[in-house]
Structures are given as C-alpha cells and as structure tokens.
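Trainee: Protein sequences appear in the order of chains A and B. Quick note on my numbering: the first sequence kicks off at 1 and runs consecutively. Quick note on my numbering: the second sequence kicks off at 1 and runs consecutively.
Careful: at least some of the hints might be erroneous.
[Said to hold, decoys possible] With the C-beta cut set under 7 Å, the calculated list includes, among others, these residues of chain B facing chain A:
#	residue
1	Ser183
2	Arg224
3	Asp227
4	Gly229
5	Ala242
6	Gly308
7	Leu313
8	Leu315
Keep in mind that the hints were calculated from the coordinates and are not lab data. Since this is a predicted model, take the numbers as computed values, not measurements. Ideal placement from N, C-alpha and C gives every residue a C-beta, glycine not left out.
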Amino acid sequence: MSETEFKIVFTGPMGAGKTTAIGAISDEPPVSTDVTNTDRAAFDKAQTTAGLDYGRIALDDGVSVRLYGTPGQLRFRFMWDILGHNAAGVIVLIDASQRDALVQLDAFVDAFGGGKRMPIVVGIGRSGEPGALSLDAFAQRLESHGMTLPVFGVDVRRRDDVLLLVDTLLCLLELGDSGRRSA
Amino acid sequence: MRTRRIAVVGLADDASQAFRSMLRILDGRDGLSWSLVAPDAAEVLIAGTQGGDALARGWALTNKPLIAVYEGGAARPMTPYTLHHPFRVMQLLGVLEDVDQALGGAAPEAPRAKAAANHTAWNFAESLRLLARTSAAGNLHVAGSGAERVFVRDDLTVYYASADIVQRLSRQALELPALTLSSAKPPPNFEARPVFELAWFSGWHAAETPAPWIEHTATYRLRRWPDFGLLRGTRDQLALAALLTHGSYSRARLIEVSGQPASMVDRFLNACAVAGVLASTGDAAVPAENASTFIASSAARLGGLIRGLRSRLGLTG
Numbered sequence: 001m002s003e004t005e006f007k008i009v010f011t012g013p014m015g016a017g018k019t020t021a022i023g024a025i026s027d028e029p030p031v032s033t034d035v036t037n038t039d040r041a042a043f044d045k046a047q048t049t050a051g052l053d054y055g056r057i058a059l060d061d062g063v064s065v066r067l068y069g070t071p072g073q074l075r076f077r078f079m080w081d082i083l084g085h086n087a088a089g090v091i092v093l094i095d096a097s098q099r100d101a102l103v104q105l106d107a108f109v110d111a112f113g114g115g116k117r118m119p120i121v122v123g124i125g126r127s128g129e130p131g132a133l134s135l136d137a138f139a140q141r142l143e144s145h146g147m148t149l150p151v152f153g154v155d156v157r158r159r160d161d162v163l164l165l166v167d168t169l170l171c172l173l174e175l176g177d178s179g180r181r182s183a
Numbered sequence: 001m002r003t004r005r006i007a008v009v010g011l012a013d014d015a016s017q018a019f020r021s022m023l024r025i026l027d028g029r030d031g032l033s034w035s036l037v038a039p040d041a042a043e044v045l046i047a048g049t050q051g052g053d054a055l056a057r058g059w060a061l062t063n064k065p066l067i068a069v070y071e072g073g074a075a076r077p078m079t080p081y082t083l084h085h086p087f088r089v090m091q092l093l094g095v096l097e098d099v100d101q102a103l104g105g106a107a108p109e110a111p112r113a114k115a116a117a118n119h120t121a122w123n124f125a126e127s128l129r130l131l132a133r134t135s136a137a138g139n140l141h142v143a144g145s146g147a148e149r150v151f152v153r154d155d156l157t158v159y160y161a162s163a164d165i166v167q168r169l170s171r172q173a174l175e176l177p178a179l180t181l182s183s184a185k186p187p188p189n190f191e192a193r194p195v196f197e198l199a200w201f202s203g204w205h206a207a208e209t210p211a212p213w214i215e216h217t218a219t220y221r222l223r224r225w226p227d228f229g230l231l232r233g234t235r236d237q238l239a240l241a242a243l244l245t246h247g248s249y250s251r252a253r254l255i256e257v258s259g260q261p262a263s264m265v266d267r268f269l270n271a272c273a274v275a276g277v278l279a280s281t282g283d284a285a286v287p288a289e290n291a292s293t294f295i296a297s298s299a300a301r302l303g304g305l306i307r308g309l310r311s312r313l314g315l316t317g
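Between the sequences and the hints, there should be enough to build the whole structure, so can you do that?
Mentor: The structure is reproduced here in structure tokens:
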C-alpha cells in the first residue's frame, strides 16, 4: 500500500456479485469493463466483466480507498495477481447455487494466499436457494485445508451485508496491525 | 504412558477402519495411548449415525465426551468435537487432544467433573448442548408451551418457532425450560430456522457471567467463525472472533487483550460454546498454527485510515 492509497479487492466467479458489492459502497458508480458474455451456456448473464471493476471511497486528507473487482473467469487469472499485489485485504464472493461452488472457493482463496498474505473474508450468496450448498459446507471445506476464515451468508444487493464483509476485513487488519505494534 | 479408553459406535465401515488405522499411528504420541473398548467401558465415544435406533439408544444422552463424525453434505453436528469423514490423521489428533484436555489431561482415572447446569438460566442451553450429543433419529424435541414453544430436530438442522419467538430470540432471553422428546408437530405457522441461530442467541442471552462449562483456567479458540451474516454481528463480536481465530486465550487474557467488558466477553464465549464453535486448547497463549501475518505500511497511519473508512461508511459502534 502506498502512503495515500488503500486497496480492497473483491473477487469470485462470474455472477457472484462483485460489481454489485463494489457499487454498494463506492462513492461513484463503479467503472466496469463489461463485454458481451459469450459463455451463456455456463452462466445466463448478458454482460460480464472482462477487465475489472473499479470503485473509490474518498477519505479526508486526500486518502483514497480503492475498490477493485477481478474478472471472474479463470483465463483472466493473471489479473488476480496484479490486482492482489499490495492489497490490504480480499473479499471472496461465491454463489452457493453453482454446482462447482466449493472448487471455486478453493481456487479464489488459494489465489490470494489462503489468508496468510492478507486477510480474506468470504461472502456466500444464494445459500437459501433450493439445491444450494449450506454455509457449513464452505466452512468445512476451508477447515479441511487448515483455514479458519470468516464465512458469512450474504446478499450483496443489501448494503449492510457488504458493510459487514468490509467491517470484518477491517477488524482482521486491526488485529494484524496491533500484533505488529506489540511485537 | 497414560491410557484413555475410546469406543466406536455407529460409524460406517470405511470411517471405522480409517479411524482404527489412524489410532494405531497415533498410539503413544505425547505419552498418551488410546485403547479401543466397548462403549460401556469407554471414557470417550466416536460416533456416527449408522446402526439404527437400538444402537443409538445405547449411547444417547451419555455424559461421555462424544466425537461426532458426519459425512458428505450433512450439517455439522452442533457439538464441541466433530470430524468430517474422510478426515486426516492430524485432524483426529487435534480432536483427541482436545478431548484429553477436557477430561483433565494427566488424570485419566479422575476425569474433570463438569458441573450440572443447575442454574435455570442454562437449562435450555444445556439441553441443546446435550441434544448435540445424541443420535440423529429424526425426532423432535420441544421446550415451552403453546405459542411459546420451540421445536428442535435432533439432527440440529432446523428449529421451529413462531415469528414472534424468532424476533424476540435475538433481543432477549426466552426463559425456556429444558428440551424434551416430543411426538407433537410444529404448528403450520411456525417458521423453520437454522439451529445455529437458536444456539447462539440462547447462549448469548442466558447470562452475563461464564456458563457452567467455561473454565476460568482453560484457554480457548474458535474452530470456525460464527455466521455473522445470519446473526448480524456487532463490531465487538467481530473483534473477539478475529482474536480467537488467530490465537488461544484464557477468559482473563481475552478480556485484557480485547479491552472489552467482562460481561461482553462472557456472553461471547457462552454463545460460541452453545453454538459448538468454541474449542478448549488447554495451553495458554499459544498462537494458532495458522495465524496469519499481514503486510501493511505504517501502523499509526493504518489505524487512522481504518477509522476514517468506518466513519465514511457509517460503520459506527
């Protein structure tokens, strides 16, 4: 992180709600590099993010909190590394109704260091839909990999749910920060 | 060499074989030997849901520590000791160490006595904890009467209650008696809700002092985060959860490090215990193995930035 910026990354598969989540807290509508979704068989969505989403929260004294949403498709994974560099933390959004949701969870959590390089908070959407995996399945999946990450059932269309994810991230940052100060 | 006696009940063949193989690998580790015995002679049970009612009745509601094994997409039993099959040998070791500590560590012949929950404030929560240790036979247990009833499935997936009860649950203690087995069915207007919510708030509102099963000298950590998306967690609760997933703390040390009132910490520990996410580690001030270190710039600037961001987002309190 530079002296004047602080970066939070929103990541997850296509359709998990990254653009919506950023839009819920950004000062301005997020800039999205959308293109036509050519994979309608996999996901019935007209547009998808080919580059990234960008939002911003301006604080006092010229400090900006920058919000980045990664493209969801694996072929854009190289961008995850770029966007994750020097990020303060990562919010992983997963759609529980997707058949390969647990595999997606593994991929995105692993791509950002499994919570060791920076704090990770996981938001699970659509967990109440018929056939969707339970929240317990996601927590258990992480436990089997030795990770105890926050995993919350959320609806990113609700601003309060997005704020919960962000506030949890900030609590984890404060924990890491106080640990260094007391060392 | 200390020896503890453990019995296998209701496990599927593959889980039972895996457990027995792992037990042989772990035999003698850290001076502790686990001996396979019949359930009646055991100090600890490792149990699954195979075997039917006759087997289940044989060990249901026992006071012995029970390691619940669940498989596939089944909901995690709300009991302190669980393993998801297939489990690894180090996962089994961790659970066995937890159980050994709970039984008093070096004194296997005189297991630490757990005080019965005599206090009426804990009757319902204690019965919910005990229900977590029974077999899941698809039965309903009920507490209360009339519209003030709460039904709980013994597989701890859902509870049923009126909309009024569900609303009041998060705000105040419901003062329910202990759960009892019932043949009654929930009225059609009762809502089906996740049991974690019932367990959490029952533990949270029961008292502002430690629950009977919270040991002042023990150290604790969280096995997993509570679902604050469901519970609508507060900042204080988030902060406590962050601490307890990155380290092990005694009650006193947690109060000191968190800077929160004892009543808040006690409520949090109680709720986590009833909800089955609290684990005793038995070793003071040992960092969790997966404690993370985060990269950040100046500590002073980060604190100011976080405050500024919270203020900007309206995250007060």
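Trainee: Each hint should be assessed against the structure and marked as holding or not.
Mentor: Evaluated hints:
1. Taken as an interface hint, serine 183 (chain B) does not check out: its beta carbon lies about 28 Å from the nearest beta carbon of chain A, beyond 7 Å.
2. Taken as an interface hint, arginine 224 (chain B) checks out: its beta carbon lies about 5 Å from the nearest beta carbon of chain A, inside 7 Å.
3. Below 7 Å, beta-carbon pairs count as interface contacts, and aspartate 227 (chain B) has one with chain A at about 6 Å; its hint therefore holds.
4. Restraint check, glycine 229 (chain B) versus chain A: the minimum CB separation of about 3 Å is within 7 Å; hint holds.
5. A cut of 7 Å between beta carbons decides the hint on alanine 242 (chain B): the least distance to chain A is about 5 Å, and the hint holds.
6. About 4 Å separates the beta-carbon of glycine 308 (chain B) from the nearest beta-carbon of chain A, less than 7 Å, and the hint is met.
7. Using the Cβ-Cβ criterion of 7 Å, the hint placing leucine 313 (chain B) at the interface with chain A is satisfied: the shortest such distance is roughly 6 Å.
8. Interface restraint check for leucine 315 (chain B): the shortest CB-CB distance to chain A comes to about 5 Å, inside 7 Å, so the restraint holds.
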